[in-house]
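Listed below, chain by chain, are the residues.
Protein chains: 2
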Amino acid sequence: MSNVAVTYAKRMSKLKASEIREILKVTESPEMISFAGGLPAPELFPVKEIIEVNRIVLEEAADSALQYSTTEGFAPLRRWIAERMNTTQGTAFDADNILITHGSQQSLDLSGKVFLDEGDVLLCESPTYLAAITAFRAYGVHFVSVPTDDDGMKTDELEKLINETDRVKAIYVIPNFQNPTGRTWALERRKELARLSAAYGVVVIEDNPYGELRFAGEALPSVKSFDTDGNVLITGTFSKIFCPGYRIGWIAGDKDIIKKYVLAKQGTDLQCNTLAQMQIAKYLELYDIDAHIRTIRSVYKTRRDLMVKMMENEFPEGVTFTRPQGGLFAWVELPSHVNARDVLIKSLEEKVAFVPGGSFFPNGGHENTMRLNFSNMPEERIVEGMKRLAKVLRAFI
Amino acid sequence: MSNVAVTYAKRMSKLKASEIREILKVTESPEMISFAGGLPAPELFPVKEIIEVNRIVLEEAADSALQYSTTEGFAPLRRWIAERMNTTQGTAFDADNILITHGSQQSLDLSGKVFLDEGDVLLCESPTYLAAITAFRAYGVHFVSVPTDDDGMKTDELEKLINETDRVKAIYVIPNFQNPTGRTWALERRKELARLSAAYGVVVIEDNPYGELRFAGEALPSVKSFDTDGNVLITGTFSKIFCPGYRIGWIAGDKDIIKKYVLAKQGTDLQCNTLAQMQIAKYLELYDIDAHIRTIRSVYKTRRDLMVKMMENEFPEGVTFTRPQGGLFAWVELPSHVNARDVLIKSLEEKVAFVPGGSFFPNGGHENTMRLNFSNMPEERIVEGMKRLAKVLRAFI
Chain A
1 MSNVAVTYAK
11 RMSKLKASEI
21 REILKVTESP
31 EMISFAGGLP
41 APELFPVKEI
51 IEVNRIVLEE
61 AADSALQYST
71 TEGFAPLRRW
81 IAERMNTTQG
91 TAFDADNILI
101 THGSQQSLDL
111 SGKVFLDEGD
121 VLLCESPTYL
131 AAITAFRAYG
141 VHFVSVPTDD
151 DGMKTDELEK
161 LINETDRVKA
171 IYVIPNFQNP
181 TGRTWALERR
191 KELARLSAAY
201 GVVVIEDNPY
211 GELRFAGEAL
221 PSVKSFDTDG
231 NVLITGTFSK
241 IFCPGYRIGW
251 IAGDKDIIKK
261 YVLAKQGTDL
271 QCNTLAQMQI
281 AKYLELYDID
291 AHIRTIRSVY
301 KTRRDLMVKM
311 MENEFPEGVT
321 FTRPQGGLFA
331 WVELPSHVNA
341 RDVLIKSLEE
351 KVAFVPGGSF
361 FPNGGHENTM
371 RLNFSNMPEE
381 RIVEGMKRLA
391 KVLRAFI
Chain B
1 MSNVAVTYAK
11 RMSKLKASEI
21 REILKVTESP
31 EMISFAGGLP
41 APELFPVKEI
51 IEVNRIVLEE
61 AADSALQYST
71 TEGFAPLRRW
81 IAERMNTTQG
91 TAFDADNILI
101 THGSQQSLDL
111 SGKVFLDEGD
121 VLLCESPTYL
131 AAITAFRAYG
141 VHFVSVPTDD
151 DGMKTDELEK
161 LINETDRVKA
171 IYVIPNFQNP
181 TGRTWALERR
191 KELARLSAAY
201 GVVVIEDNPY
211 GELRFAGEAL
221 PSVKSFDTDG
231 NVLITGTFSK
241 IFCPGYRIGW
251 IAGDKDIIKK
261 YVLAKQGTDL
271 QCNTLAQMQI
281 AKYLELYDID
291 AHIRTIRSVY
301 KTRRDLMVKM
311 MENEFPEGVT
321 FTRPQGGLFA
331 WVELPSHVNA
341 RDVLIKSLEE
351 KVAFVPGGSF
361 FPNGGHENTM
371 RLNFSNMPEE
381 RIVEGMKRLA
391 KVLRAFI
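If you read the sequences in order, they're chains A and B. Numbering of the first sequence is given in my numbering, commencing with residue 1 and proceeding in unit increments. Numbering of the second sequence is given in my numbering, commencing with residue 1 and proceeding in unit increments.
Careful: at least some of the hints might be erroneous.
The list treats identical chains as interchangeable, and a pair is accepted whether it falls inside one copy or across any two copies.
Unchecked claim - Cut-off 20 Å, straight-line C-alpha distance, at most; resulting in silico cross-link-like pairs (EDC-like, lysine to aspartate or glutamate):
1. Lys-391 - Glu-333
2. Lys-16 - Glu-72
3. Lys-10 - Asp-120
4. Lys-48 - Glu-60
5. Lys-259 - Glu-19
6. Lys-391 - Glu-314
7. Lys-25 - Asp-96
8. Lys-10 - Glu-118
9. Lys-10 - Asp-256
10. Lys-48 - Glu-59
11. Lys-25 - Asp-63
12. Lys-25 - Glu-350
13. Lys-48 - Asp-290
14. Lys-14 - Asp-256
No lab work stands behind these hints: they were computed from the structure. Here the structure is a predicted model, which is why all the values come from computation and not from measurement.
Let's have the full structure, built from the sequences with the hints guiding it.
Structure, rendered in structure tokens:
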């Protein structure tokens, strides 16, 4: 078993282990205060209700719940998602606009499979979601970062890049409480992105895992709601409003495009877990998910407020940070001479973990940035962890 | 939403909907007698036990069961699989040899991602598993069919093809109760395949979804058990011995290679459903899966015996068929002038479904073949369905 000399596919040389997942392995010890992962607060999981829906689904429909099913996904769940998106995202979907996926990550991977050829260019925010880079990189694309400010991609710069760049195939964006920065796109930028997508025939992947988690400011319509030509695909997930362990999300868009996603998923893994889909549908039928989401928002708001207050009070001069209106993450910029990877080494000695921001830039650089998660730790640990982190930062600055 | 003019990736032009999945949609009406799908018998699902383990896992460990977890999979489940394979497949694995996947189909897709570049050649049995063709086709490979008889691939012909063909990257085989033919490879052919894999440095994907379902003849060691160089990967799944709705399978092999699969899976969908993995592990801890598998084998043997008897008694002269020693499928060859797709049209009028065999040949032809599933229908429906199918066949021959 030790003479292996196989040749891997070329794409494998581009993949490396997720830095976040490697850091998460270190943070598994209970004394570690972790601002690293994008983990929801486990104490909010609706455990009692899940035990109940598990039992009901199996008593009512075990034959179908445990059997193979369609690639498209469980029809009642697809209908619920379509209606939900019509209410919250300003879309006009029915069930056939929705494919159930194995979490948002699969929505991104399938987007690569459906649209991206080797050598294509993908335009993305700067910084952008690390695991999206990993997913798309496997398809051999080049990443071009679009200059981004607190209102989202600068759409005038975006248009220039579309015009100047060969083989632009798709634009990847996270308009709500972006990972990693926590930023939210302004309304005008959303409209303008949809316009550019139609004008230039460029696909937009609108990744929206956190859209339901707004705890401040006013809800804004999705980019998809301004889409005139059907070029915009939008993702969603139950990971952040229910439980990530279920691995159930979706991709939504034009019905002809979704048919292509169905084909791609069929060869990839046939279908999602039938039981999990039926359990979530039963939960949505029997319980009030809006009340549950209100609880999540309220807890995350308290934690965000606390983390921002700690940053304001404890972080040294020269450190700037975002004040997100929702989601899971805040973003920190250190003075340019400070490398956040060095900070992490010291911080781990103090039993505090975070993710250095450099990994979120597909073409490197920006090593003076950090991503902080505020959803996963209870208040007293946020206070303690931020005190320790501030102390480490003061030693660097 | 109707002006879509997006450009898909080139690979999408090679994908088409699974004929089986399209036929399965027609067979959903309860009066249809279906020999089409590869569906386990739902009346054997351990429903009571599953309700129990769902409850126990959530009461004991909801925080972790509903949360994100590692890409590799739930450690106790990986350990169980390693030990199981060491017992049944003659391997020498520990947990690090195992990656939990979203069913065997994902094991195949990830194999494509890890190993296959556009233009590579994949050698396969003739016929072979339809959905494996779909999975590998997305990576732009060429299929070369290796002449195959009742003992498996003809390994002398295989060696000739390895020598004569450029860019042979991998060999895909299903040695136990093959899908679609029900055939099982002879011992010598297994040894010889392992030898050729080492001698020529060619990867072998040994797909083994049905290995546990032997109800006649003697168990044979896996190809992997004869692997000297670590080039052989072997799949497994809980779909056929537990429930397919869970979508939990695995890929096993050399630890360095499995690390590459872990990387590939990380970008594809992060990880499998945490709760599902823990529920299966709890089932394996609390209940006797061997007793459960004995029940499955016994029921499938009865159904296989019945289907073979019906074919012997009712099918017209000139029709030949396999007598599988396990698994889910029998394979039928009609006289060469009869097209099984025409037979299917008439058969569906009689409310009997099956899958025409032509789709299982990656390079076409062989339209006079059919795949019959015997696991899913109870005995009286097998008798009735086979009577009707025989009547249709007699009209053609």
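Comparing the hints with the structure gives:
With identical chains, the CA atoms of Lys-391 and Glu-333 are at most 20 Å apart within one copy only, with a shortest distance of 16 Å there and 77 Å across copies. In this homomeric assembly, Lys-16 and Glu-72 come within 20 Å of each other (Cα to Cα) only across copies, at 15 Å, whereas the closest approach inside a single copy is 31 Å. Both within a single protomer and between protomers do Lys-10 and Asp-120 lie at most 20 Å apart by alpha-carbon distance, with minima of 16 Å and 11 Å respectively. Taking the shortest alpha-carbon separations for Lys-48 and Glu-60, both the intra-copy value of 19 Å and the inter-copy value of 12 Å come in at or below 20 Å.
For the homomeric pair Lys-259 and Glu-19, the shortest alpha-carbon distance between copies (15 Å) is at most 20 Å, but the shortest distance inside one copy (34 Å) is not. Only within a single protomer do Lys-391 and Glu-314 lie at most 20 Å apart by alpha-carbon distance; the minimum there is 8 Å, versus 84 Å between protomers. In the homo-oligomer, the alpha carbons of Lys-25 and Asp-96 lie at most 20 Å apart only across protomers (15 Å), although the nearest pairing inside one protomer, at 39 Å, exceeds that limit. When the C-alpha separation of Lys-10 and Glu-118 is checked against a cutoff of 20 Å, the pair qualifies both within a copy, at 11 Å, and between copies, at 10 Å.
With identical chains, the CA atoms of Lys-10 and Asp-256 are at most 20 Å apart between copies only, with a shortest distance of 16 Å across copies and 31 Å within one. Taking the closest pair of Cα atoms, Lys-48 and Glu-59 come within 20 Å of each other both inside a single copy (17 Å) and across two copies (9 Å). With identical chains, the CA atoms of Lys-25 and Asp-63 are at most 20 Å apart between copies only, with a shortest distance of 17 Å across copies and 38 Å within one. Taking the closest pair of Cα atoms, Lys-25 and Glu-350 come within 20 Å of each other only inside a single copy of the chain (16 Å); across copies the shortest separation is 58 Å, beyond that limit.
For the homomeric pair Lys-48 and Asp-290, the shortest alpha-carbon distance inside one copy (17 Å) is at most 20 Å, but the shortest distance between copies (32 Å) is not. Within a single copy, Lys-14 and Asp-256 get their C-alpha atoms only as close as 31 Å, which misses the 20 Å cut-off; across copies the closest is 17 Å, which meets it.
In terms of the numbered hints stated before, the structure departs from none.
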